[in-house]
Amino acid sequence: MTDADGAARRRSVLAVVPPARPRKLAKVPFVELADGRLQGVVSSGSDIERVYVSSVTAGSHAYHCSTNNNRPCGGLRGAPCKHLESLADEAVLQYGVDRVARYLRVDAGDGTQTGVELLSRLDARHEPTSAAVVFSRFLRHLAYLEFPASTTVLPELHWFPSTGAGR
Amino acid sequence: MLGTQLAQLRDSTPTGLTDADDVVAGFDDALLRGFARVGEQDATALTALAGAVAGTPLGERGAEAVGKVTAGSVGQEHLAALAGARTALLGATHDALLDQLDTALGRHRTPWAPTGEAGDPSPARAAARSWLHETALAGWRGVDHELLSAVGTPVEAALAEPESRRLAVLLDGLAAELRAGLPVATMPQVPVRRWADLWARGVLLAQDGPAPATVTATERVTGRLLPLGVDVHEHETAVQVQLHAILEPADATAPRLVRVTVGAAKVATIGGPAVWRLLSAYPVLLTAIAQRRALAVIDLPAQGGDLHWVDGQAQAGEPADPFATARVLLGTAAATAIPPLDRHPVAIAEPVLLEGYVVHDGGLAVDLDGHRLAVALDRLPASGPLTPALVAASSSCLGLVRWDDGRWLVQPLAVQATVKRRPVEAHNGDWADGVTDPKVAKAEARSGDAVAVLRERAGRLLRR
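Protein sequences appear in the order of chains A and B.
Mapping of the first sequence onto the numbering used here: residues -2 to 164, in sequence order.
Mapping of the second sequence onto the numbering used here: residues 2 to 465, in sequence order.
Hints are supplied without guarantee of correctness; some may be wrong.
These stretches of chain B come out as covered by chain A in the derived footprint (C-beta under 8 Å, 3 or more residues) [stated by the list, open to error]:
#1 95 to 104
#2 146 to 155
#3 168 to 181
I should point out that these hints are in silico values taken from the structure, not numbers from a laboratory.
Yeah, the Cβ is synthetic: ideal placement off N, Cα and C, and Gly gets one too.
From just these sequences and the hints, can you work out the full model?
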């Protein structure tokens, strides 16, 4: 019953978002492609209480990195700092290089495998942005783990079967 | 399930199914382009949708809504009428298909008993209605970063209200897909049926009507619960485990097909077998699932075929082989109808036992006495031991009969197979108490404990 426009048109159940690939979260607990940015939070290597908020804007490729209190990252000296590099590397692990490149609107080219390599292909420039939006998204992200488990039936989840066996 | 039953399914397609599907497809295409400016083709499609419900109580509202949409002044109430009409058509499709399946299987189904009362108006639902309205005006092709960032408000509000949890989980799942699809105009294939399904369900859940989550239990049950298999649902921020089982009531009434559902909120980086650890509040249930044991349940609240799990009112009992349970009881156990607003072909999930089949196409289809049935290999969860290879090597399968895109499928929940000339058995819930496959356990250990890392971060950063 599919028409000429493609097999997905009349399917109710299909995987639109591939499941996130497993990665270690210790260094970069949070990465997302949202709000028109690759953005996330990188744990400080020296201070367990401190985190850096890093982002790269899709299209313009403006980047920024600061502490969550908006103190600029000392590593930004005319080029992306090591936090941005970690962020990009982990984003590629989680989403795959193609999805990150498509979202940032950059040509990944052949042979680009890591986030650092992808960053080097950007015509990037530094542009300060507020850490608040990203950091509050991170806190909301963490808050999901605070909700208690529930026995409420969610019939809508029949549209979202778990997939990815044997990956 | 027998070959003759499959043949009966194939040969008795409900009347009007294709027509209903075409009407729905017309609406779905209109939603791709959005309702801000409706072209002639989409106006015709919307008129057809209103026409399809003309003889029902929705008829007048449907016709009025189409008039408003085509005139370019669509309000939230008109979208509700259109979502209602689409839902009614797919609900009728669900009923016709399930009736056909029940007839083929000889399965008795207890009718739905009305419950629930109108909920109080909620700010979360109002915010959701407004976002869904804007989305419908923009159409999927018009969705941008700004609109997707705006979904945060209704999601956050809905998460804060336990009775709006369904809405929150739905919006989160839809928004994540739209985000991944941006810009939609360059997507090779826009999943228009799927997104319209989610949009329409969202619009209905966002109405201040009967509150589905606060529906009170209509009865209490005591008896022996014999597990059949586990269906796992998951998107970035939610996981749900649905155990299909047969209840033998203590009062010696007829055995019933029931479901037990437990779920948790999560984040995208928690997946695979780690999701079981989010359900540690239900140790008795998880142990029974992992060890394939029967459960004695005492005075458990129930609503139709759904048992509301209370871990303290259950005890894991003797080993109970799900295949044996299915062989002995599945043919006679009675099912229960689901609430009308939840009816949609995706909700069809009927447990069946398939035996003595021939596998085709690497597990993508099975052949029972010359009758083929497609296998939903893309519904094998990463949180369990089933793989396409095991399904391909199988000779018996416990599964759920599903319907999608005009065809019946079976979703495996457990298989008995022969691997290297030895019999093996795998069930979706085998890892509920921890991964039992050393290779998978090692891979899990390599990527570290995501739950623990995020909880540590939450502990340090959240309560400031």
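Verification of the supplied hints:
1. 95 to 104: With 0 residues close enough to chain A, the hint is violated.
2. 146 to 155: Our answer is that it holds, as 4 residues pass the Cβ test (under 8 Å) against chain A, meeting three.
3. 168 to 181: holds (count 7)
The structure does not agree with numbered hint 1 stated previously, though it agrees with all others.
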